[in-house]
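Undergrad: Given next are the chains, with one letter for each unit.
2 protein chains.
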Amino acid sequence: MAGSAELLKFCAMESCVDPSFWSGLASRKLDEYQLSEAPVEITGYLTASRHTEVPSQLLLTGSSFEGPGARSSQGSHALPGRLVNFNTQENFARADAKGQMREAAARIWADIRSGAAEADPSLLSRFFVLAFGDLKRYDFTYWFAFPALKPPAPFTQLACTPLSEWAPGGAAERIAAAADAWRGLSPGAAAAAAAGSLPPPPFCLLSVAAAGGEARALPLAEWEAGGGAAAAGAGPDGAAGAGPRLLVCMSDPSHLASVPGWPLRNLLLLAAARWRARRLSVLCVRDARGRCDAARSFVVDVNLPELPDGWGDAAGDAAAGAPDAVGWETNVVGRLAPRRVDLSNLMSPAALAEQAVDLNLRLMRWRAAPSLDIAALASARCLLLGAGTLGCAVARTLLAWGVRGVTFVDCGRVAFSNPVRQSLFVFNDCLGGGLPKAPAAAEALRAVFPSVSSKGVTMRIPMPGHPPENAAAAAAAEADVRALDELISDHDAVFLLTDSRESRWLPTMLAAARRKVAITAALGFDGFVVMRHGAPPAGDAAGPSAGADAAVPAGRRLGCYFCNDVVAPANSAVDRTLDQQCTVARPGLAPIAGALAVELLAALLQHPAGVDAPAPGAGGAGGGGGGEGEAALGPVPHQIRGQLSGFSQVCMTGAAFSQCTACSEAVLSEWRARGPAFVLEAMASPGALEELTGLSQLHAAAAAAEEAAEAAAAATGADGGGGDEEGEDWLEL
Amino acid sequence: MAGSAELLKFCAMESCVDPSFWSGLASRKLDEYQLSEAPVEITGYLTASRHTEVPSQLLLTGSSFEGPGARSSQGSHALPGRLVNFNTQENFARADAKGQMREAAARIWADIRSGAAEADPSLLSRFFVLAFGDLKRYDFTYWFAFPALKPPAPFTQLACTPLSEWAPGGAAERIAAAADAWRGLSPGAAAAAAAGSLPPPPFCLLSVAAAGGEARALPLAEWEAGGGAAAAGAGPDGAAGAGPRLLVCMSDPSHLASVPGWPLRNLLLLAAARWRARRLSVLCVRDARGRCDAARSFVVDVNLPELPDGWGDAAGDAAAGAPDAVGWETNVVGRLAPRRVDLSNLMSPAALAEQAVDLNLRLMRWRAAPSLDIAALASARCLLLGAGTLGCAVARTLLAWGVRGVTFVDCGRVAFSNPVRQSLFVFNDCLGGGLPKAPAAAEALRAVFPSVSSKGVTMRIPMPGHPPENAAAAAAAEADVRALDELISDHDAVFLLTDSRESRWLPTMLAAARRKVAITAALGFDGFVVMRHGAPPAGDAAGPSAGADAAVPAGRRLGCYFCNDVVAPANSAVDRTLDQQCTVARPGLAPIAGALAVELLAALLQHPAGVDAPAPGAGGAGGGGGGEGEAALGPVPHQIRGQLSGFSQVCMTGAAFSQCTACSEAVLSEWRARGPAFVLEAMASPGALEELTGLSQLHAAAAAAEEAAEAAAAATGADGGGGDEEGEDWLEL
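Chains G and W are the protein sequences, given in the same order.
Numbering-wise (full-length UniProt numbering), the first sequence opens with residue 1 and increments by one.
Numbering-wise (full-length UniProt numbering), the second sequence opens with residue 1 and increments by one.
Please keep in mind that the hints were generated in silico from the structure rather than gathered at the bench.
Because the structure is a prediction, the values reported are computed rather than measured.
Check the hints yourself; a few may be wrong.
Unchecked claim - Quick list of simulated restraints, FRET-style, between CB atoms:
no.	chain 1	residue 1	chain 2	residue 2	range
1	G	Ala-93	W	Pro-349	41 to 47 Å
2	G	Asp-342	W	Gly-675	21 to 27 Å
3	W	Arg-94	G	Ser-379	50 to 56 Å
4	W	Ala-376	G	Val-650	28 to 34 Å
5	G	Glu-90	W	Ala-376	26 to 32 Å
6	W	Asn-428	G	Pro-370	33 to 39 Å
7	W	Ala-702	G	Ala-93	32 to 38 Å
8	G	Val-650	W	Thr-330	54 to 60 Å
9	G	Asp-342	W	Asn-428	28 to 34 Å
10	G	His-699	W	Leu-336	42 to 48 Å
11	W	Gly-434	G	Pro-370	27 to 33 Å
To be verified - Below, simulated SDA-like cross-link-like pairs (lysine to any residue); rule was C-alpha separation at most 20 Å, straight line:
no.	chain 1	residue 1	chain 2	residue 2
12	G	Lys-136	W	Ser-500
13	W	Lys-136	G	Val-426
14	G	Lys-136	W	Gly-412
15	G	Lys-455	W	Lys-455
16	W	Lys-136	G	Gly-433
17	W	Lys-455	G	Gly-433
18	W	Lys-150	W	Gly-99
19	G	Lys-136	W	Cys-411
20	G	Lys-136	W	Arg-413
21	W	Lys-136	G	Gly-434
22	W	Lys-136	G	Asp-499
C-beta: ideal position from N, C-alpha, C; glycine also.
Please build the complete structure, drawing on both the sequences and the hints.
TA: This is the structure in structure tokens:
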């Protein structure tokens, strides 16, 4: 019987990978798979051929990672696949491709034998892809396989007839309509597809009435029930009696006349193995204008080989016993070799930069810090008070951490001495009197990374001891106080990077009042301090009872920059010699302190307690605050102090001072009650802060104690010693 | 007698300060005076009036700081002055100007009474200037005073006669010639002036023969000898007998007809006080075409007040008793107030930038580090191997330290992920495939600071385990080895900032062979190491006896980056997953490590032992190496290791390893003997390095020892333990 037939040929499968697939892979690789090379289940989408010139290709998109129901497109079938994505080019090159093919064949064969493939015919079209993505360059190497099991003897074809001829008259139209309905192309089915149901299987049966060609689709599993054994193999004009004819119907990706597509191979083997069929008529459905085209679709009558008993058996070892399979895709020049795609030229430069910047951050989670919450820092809006040496250093490190919202506040212009130490400025920024620093820094950040949202505000921060000179200046200062408060409110973290002590007072107070993260960095000649400010207790901040501490036990709240001082900040700008006016600091200090300030923020934002995170070994009742071990970047110190002379660095912790001139409840209450008027008073007379906080009394008491001690010493001859001083030594800043 | 005379008026003195004076002041302030406000002796230069429209001004130039003989200009007199340069604008504003004037008057009065002013008449024209220079802005505020002592009663003038009338006929010419000769304006005198003799005094006596007007100049001190008492006061046609007439002669800066210049005032008081003269004839010399102009010069006959006995006396308190003085200069709008000059607009922007950059460095010496040798670092030519994250950070910190010679070596192009972490690049550098990094970094440095001499060399450093692929590649590698050796030879310090272990091998060996300072910085995920390499013994480096250590005792030589390893560097680029290929490091690490690397170099270059400086607590015979205390920036550690997790930093010291694959004598000898051929061998087979250094035997011995220990353990039941490992733990880099 088979002798008179010619070999049946199949049109090879082709893949079509949308860039969204690769970007989906890149993103999952970075965040999810990381170092794993375990196979990932994916879905490919296939339709019947729609053009006479090109086959339909197996489409992979970003939704290929989201299961078969993720993408519904009329007439499209979802095929199951596996992606094996290797970590290195070398691993890809030495991948066990034959083993992979054997394994895939075994699964298909098992699904055929178990009946699973009848229940879900898409299992016949399993595919897999081996891949390696160089995510730094958006360069992907990959190799698709569409395993087709090899039968013991070739399939041959007896006849191949266009549907329009096979079922003349209205019969062909009715058969085509049934095929369309099965594929979800009928109007009612479209609604079902839109509702998110699974795509139709790629194969079905068509039962065609012998008279008139009335047709209806049946699942593959109904072969026996549909009368397959009897009906298979005869045309409508065949001699198989008056019963309905049973065709296998497939959405055929092939565009070649009389040559069915590759997926048919496994279906034929199923028919031979499972149905023991020796002859099968297959309707290869091809489309035109979104419907089955009876002129291009055709029925092919196939002779199937007889499978010997035990063929494809393997006791207990499915892989070893499965039929061989073929089906590696060729590359674009027709060779059996991997394909390669360089997506970088598809992407906009700005998008490439964004992806590249995120890459390094996301890679941190692979091995180094799996629990790192990158977004916690990247989404933080940071306010930088000062766009000088420290401001530039902080901004650059923030950028590298993925931070996208940076606002600078500065009142200066770029001077000739700046660019060599302030890494956001160049020589040309100094010409003509110099650009205003804050906007220039913001623009420089955008030149480094166009996706950053940076802003520069030219503003002089109101300071204690610097009274406004007249009414207009006072009004301006009041507006500045409000503007600064608003800026602090609009940001998540405030960096205090100015070069005088008193300019840190107002932002320290405002950040405390709003419980914002505040981080101070300050330089000496060869030392620095970087510290975070403790926040006052949360709760009804406006109420007078806010002093009663809820969240943080008394004594465990961390201090601010001013907590170690027993004098209010005052005008330090007068009477300074040149070396005191300029930043006379070893040049290495600013990059170190700036980087540490950002890393301190990074560590803090990873801590579950946020602004209230305890410092390691923090004082107070319980000693070391718990929970540091949980934070992805480790414990979060309160203060880091370093010296370049000796290259030493230590972490220290200091508690909040109840009479602090910047963050104590007395000061915060006054601010809440009186607002800018209070600040203007402090500008005019820093002593008011000492009165308010009781420091004046402390001074008086200390003086009295000293006098008493001196008197006692005079009486006893012992050394009197000085008054008590709260806290520890401070750097000369 | 005085009743018929009119008041004598004087033309006020004016100053003219050349910018070179201010730059001289700025430079001395920074390097020499620093915080001192002690008065500085300076010299002003004055000539007779040369124009009818403007007076001659007291000129101050850069040479005003160098003593009266520093500047010789024909006809110019050197006047002694004092500069009081204040540290702050506030100190300037509250300077005791009256006190300064009193003190200057006292000195002049003392010099008059002691005869010092007769011996050196320039003492009569002492001046002083109070100043404050804002060296950041090249903005100077200053106030000159030309103290003129007030007589007990005003000077009056009896007659004022042009010289040409006073001495008719040839007499005026002869007198003028005598005045010119005194002032060094005669041809012979010019030669003397050029030879560096002191400028002529601003006053002299002229003895004029009664008949014919023959004239000769005499020093003021010869008043009595010249017959001053008798001759003074009569014109050539006067009635004072036939003896020669004695005139006082002065180079008159005044341009006003019949009005002598300010300096005459103190001379007249001298005549009244010291000579007891009641009448004096003064020749006020003014010039035209470089010679005394008899038409503009004039003789004024002055009545001097009688000084009461004891006038201007002050027993033991010269200042209190001295006559009052006047003479503050007015500002440009004629008010008695300081003048101000903003020199910044005179300077080229590039020069301004240079000065500004040096300012901060020089200010370090005022208080913070008086013994700092700024030039030691600024003049160092630095070679940066790697223009990535670390290379950019190192280059920027070098720039801030004043370093002017920076060469980058890199083989990469700027990628989209670079700018946010590599501070010399911006987004636009990534377009079109990216600029080559090394030249782009060099150009970026120049954009920051135009005076830097930066260069970028695109070169791939030959590496062990990366054999050349063919003969052409081998030839290229050989050329690269020679080029790198030459680069290292041409620089003073080498920074090893590449991102693989094996790329550091060749530069480590080459730097050791040339005893150059080599500094390594390397990053892990949240740790870094920064270290300097010990240099091999100096001496006849090429000879085979170089192994005998002369300068540094055995065991005290510091290790290099490879001294802790017992395996040779090999190709680490194969088989790396994405997170291993990319710099997965906390963004703060690179700025910290880069800055520390430069500060380590800064400290090292301040150490008298340079590359051989011992590390604090270095091992070996003597323990802690001496002399650290002497270095301006403190002790110079060998290695600095830091962790961001925990924010810790420690210094460590490690000795050189006699079997090191990079810096041991065996390796250096081989390099000296075989040159690039040896490097090519190591590229092909890193094992050759292990053979050469005896590490292979060490491995074999360790394996044998382990086996023996295992056998022993098997026999005794004890735990065998591993082989010996040299040195300490290393970061995974």
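Undergrad: Each of the hints needs a verdict: does it hold here or not?
TA: Evaluation of the provided hints:
1. G:Ala-93 to W:Pro-349: 41 to 47 Å: Because 56 Å falls outside the window, the suggested range is violated.
2. G:Asp-342 to W:Gly-675: 21 to 27 Å: violated, 41 Å
3. W:Arg-94 to G:Ser-379: 50 to 56 Å: holds, 53 Å
4. W:Ala-376 to G:Val-650: 28 to 34 Å: holds, 29 Å
5. G:Glu-90 to W:Ala-376: 26 to 32 Å: Given a distance of about 48 Å, which is not inside 26 to 32 Å, the answer is violated.
6. W:Asn-428 to G:Pro-370: 33 to 39 Å: holds, 36 Å
7. W:Ala-702 to G:Ala-93: 32 to 38 Å: holds, 34 Å
8. G:Val-650 to W:Thr-330: 54 to 60 Å: Holds: the Cβ-Cβ distance is about 58 Å, inside 54 to 60 Å.
9. G:Asp-342 to W:Asn-428: 28 to 34 Å: violated, 21 Å
10. G:His-699 to W:Leu-336: 42 to 48 Å: holds, 43 Å
11. W:Gly-434 to G:Pro-370: 27 to 33 Å: holds, 31 Å
12. G:Lys-136 to W:Ser-500: Roughly 17 Å between the alpha carbons, so the hint for Lys-136 of chain G and Ser-500 of chain W holds.
13. W:Lys-136 to G:Val-426: Within the cut-off at roughly 18 Å; holds.
14. G:Lys-136 to W:Gly-412: Status holds; Cα separation ~14 Å.
15. G:Lys-455 to W:Lys-455: Between Lys-455 of chain G and Lys-455 of chain W the Cα gap is close to 34 Å, so the pair fails against 20 Å, i.e. violated.
16. W:Lys-136 to G:Gly-433: holds, 13 Å
17. W:Lys-455 to G:Gly-433: violated, 29 Å
18. W:Lys-150 to W:Gly-99: holds, 16 Å
19. G:Lys-136 to W:Cys-411: holds, 17 Å
20. G:Lys-136 to W:Arg-413: holds, 13 Å
21. W:Lys-136 to G:Gly-434: holds, 14 Å
22. W:Lys-136 to G:Asp-499: Holds: Lys-136 of chain W and Asp-499 of chain G sit about 16 Å apart, inside 20 Å.
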